[in-house]
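Q: Single-letter residue listing:
4 protein chains.
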Amino acid sequence: MKADEINQFLKQAFSGGQPPVVEAADGQTARCRIAYHPHQIRPGGTLSGPTMMALADTAAYALVLSAIGFQPLAVTTNLSIHFMRKPKPKDLIADVRMMKLGKSLAVMDVAIHSDGEEDLVAHSVVTYSIPPQSHGEQTGAA
Amino acid sequence: MKADEINQFLKQAFSGGQPPVVEAADGQTARCRIAYHPHQIRPGGTLSGPTMMALADTAAYALVLSAIGFQPLAVTTNLSIHFMRKPKPKDLIADVRMMKLGKSLAVMDVAIHSDGEEDLVAHSVVTYSIPPQSHGEQTGAA
Amino acid sequence: MKADEINQFLKQAFSGGQPPVVEAADGQTARCRIAYHPHQIRPGGTLSGPTMMALADTAAYALVLSAIGFQPLAVTTNLSIHFMRKPKPKDLIADVRMMKLGKSLAVMDVAIHSDGEEDLVAHSVVTYSIPPQSHGEQTGAA
Amino acid sequence: MKADEINQFLKQAFSGGQPPVVEAADGQTARCRIAYHPHQIRPGGTLSGPTMMALADTAAYALVLSAIGFQPLAVTTNLSIHFMRKPKPKDLIADVRMMKLGKSLAVMDVAIHSDGEEDLVAHSVVTYSIPPQSHGEQTGAA
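So the protein sequences, as listed, match chains P, E, Y and W. Take the first sequence: its position 127, counted from the start at 1, is 127 in the UniProt record's numbering, and no numbers get skipped. Take the second sequence: its position 5, counted from the start at 1, is 5 in the UniProt record's numbering, and no numbers get skipped. Take the third sequence: its position 8, counted from the start at 1, is 8 in the UniProt record's numbering, and no numbers get skipped. Take the fourth sequence: its position 127, counted from the start at 1, is 127 in the UniProt record's numbering, and no numbers get skipped.
Rather than coming from a laboratory, the hints here were simulated on the basis of the structure. Just so you know, not all the hints are guaranteed correct.
All copies of an identical chain are treated as equivalent in the list; a pair is satisfied when it fits inside any one copy or across any two copies.
Unchecked claim - List time: in silico DSSO-like cross-link candidates among lysine-lysine, alpha-carbon distance up to 27 Å:
(1) Lys100 - Lys2
(2) Lys88 - Lys2
(3) Lys86 - Lys100
(4) Lys88 - Lys100
(5) Lys88 - Lys103
(6) Lys2 - Lys103
(7) Lys90 - Lys11
(8) Lys90 - Lys103
(9) Lys86 - Lys103
(10) Lys100 - Lys90
Starting from the given sequences, assemble the full structure and let the hints guide the process.
A: Dropping the structure here:
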């Protein structure tokens, strides 16, 4: 799938709120942006951790879809994230890289920074489970 | 802080959306519930991963506040989560346990299950950074 | 497999050094012990992190074997560990619990403490990939 | 500290076995190599997971020492690792990068590949706790 197809799908699939926007996705890497919104703010004037976790997860989903095609039932098996700097009230950008694309699992890392800044604000590793042809049992979360 | 004090604080601090509700918190363990809402639904009829990540993170925050008192600037340093079963459209409940409360870091694990069911849907380990007296440099996310 | 069968297998399979000893394993939980040895000591008089990581990994392997039978090619997909207290020069004991046993993945958590002490020294979450009948592609480490 | 100073220190500090060799370390990145040895072999003819975990941990330690100077009591707070391909019986090389060097925590990622091959065999994120001047309480493992 291409970036604009993924964006169309995400808008339908993610009820409740504006999903992050896929700016690029080529099966090996992807870039997603989440627009700043005041409801992301937490005490101290920084953006919430869940905002960054959701961004990392969606960016990984977008990369999986760009790599294997339309598989809406690909689900997250595990996600780990380290928060390194407190982001200012700005858009956040996630750059994802495919580290391993197997038959049943895709492992990616995600670097998140604020728009216009170089320093990493967070780094995440995300594993997706890829549904088998015949839709068998899967471990994970949508 | 007690559960009702934490709930009052979360309502102020978490702009945008209803935060999870702290049902119990005693400094060693805490329980939080997030009410089911249709916008949590993702393809396949299950609840989104970010819903569970946000619940784990808030539950850990609530436990930290119950353990060390009002420290709104405690921030997540890292969070890892494994998704094990796809939750049905129901409330989710998170049970958090303090594994280590140090001077600068608190490490907790979080077991998430659907209301009325026993099986784990997700398991998370969350580390919070506790701000020093004099509010020095910190690594983490709010 | 039962604990003594697993121990026999581990002695053959783990060339180079004494493997941890499986003290109990019933498919749902397992307990493993690694004997204290001076080469585990690191600066500060504490036991090395890799000693605890290897213990967590072997304990999870033992639990998988006790749950699904003799599958030597089950491999670790991912492992995360938090170190919470510096262990004294004593045996370490790992208690593993099966959180999810699926067709292709097993997810377990591991609590490690020093012999005769209650406090956790480390906590780990370990995922094993279970080889399919027909030995297909797998992601992981032995 | 420079690579050869770190190697000298590791030889003293790591009793029991040959430690990995630091080939380069400049405070921002480091490269470590662990020589292949038959005792690293596990069922299936691949190298053990604990070999890679120990390599990741030591490489991160080397990078911390190169960044902050001789601080033997820097300890691992947490480590997560994803295993992506089964390494052949060859030397393993770890490339570490400093993602965040704070006053109390250093966060690094580690890419591991087999000597002479490009594909990642494992990817790890490692957090070290840096001892305060006055050697206070710390959470972690040596």
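Q: Between Lys100 and Lys90, at a C-alpha cutoff of 27 Å, which is it: within one copy, between copies, both, or neither?
A: between (31 Å within a copy, 20 Å between copies)
Q: If the cutoff is 27 Å on CA atoms, where do Lys88 and Lys103 land: within, between, both or neither? Let me know, please.
A: between (39 Å within a copy, 20 Å between copies)
Q: When Cα atoms must be at most 27 Å apart, do Lys88 and Lys100 count as within-copy, between-copy, both, or neither?
A: Close across copies (17 Å), not inside one copy (32 Å); limit 27 Å.
Q: If the cut is 27 Å between Cα atoms, do Lys90 and Lys11 qualify within a copy, between copies, both or neither?
A: For Lys90 and Lys11, both the intra-copy (22 Å) and inter-copy (23 Å) Cα distances are at most 27 Å.
Q: Given identical chains, is Lys86 near Lys100, meaning Cα to Cα at most 27 Å, within a copy, between copies, both, or neither?
A: Answer is between: at 12 Å across copies they meet the 27 Å cutoff, but 29 Å inside does not.
Q: At 27 Å max between alpha carbons, let me know whether Lys90 reaches Lys103 within a copy, between copies, both or neither.
A: between (37 Å within a copy, 25 Å between copies)
Q: Between copies, within a copy, both or neither: which fits Lys100 and Lys2 at Cα up to 27 Å?
A: Classified as within; 20 Å inside a copy, 33 Å across copies.
Q: Tell me, please, which holds for Lys2 and Lys103 at an alpha-carbon limit of 27 Å: within, between, both or neither?
A: Classified as within: same-chain Cα gap 21 Å, cross-chain 32 Å, threshold 27 Å.
Q: Within, between, both or neither: how does the pair Lys88, Lys2 come out at a Cα-Cα threshold of 27 Å?
A: neither (30 Å within a copy, 31 Å between copies)
Q: Please sort Lys86 with Lys103 into within, between, both or neither, judging by C-alpha distance up to 27 Å.
A: between (37 Å within a copy, 15 Å between copies)
Hint violations for this structure: number 2 only, all remaining hints satisfied.
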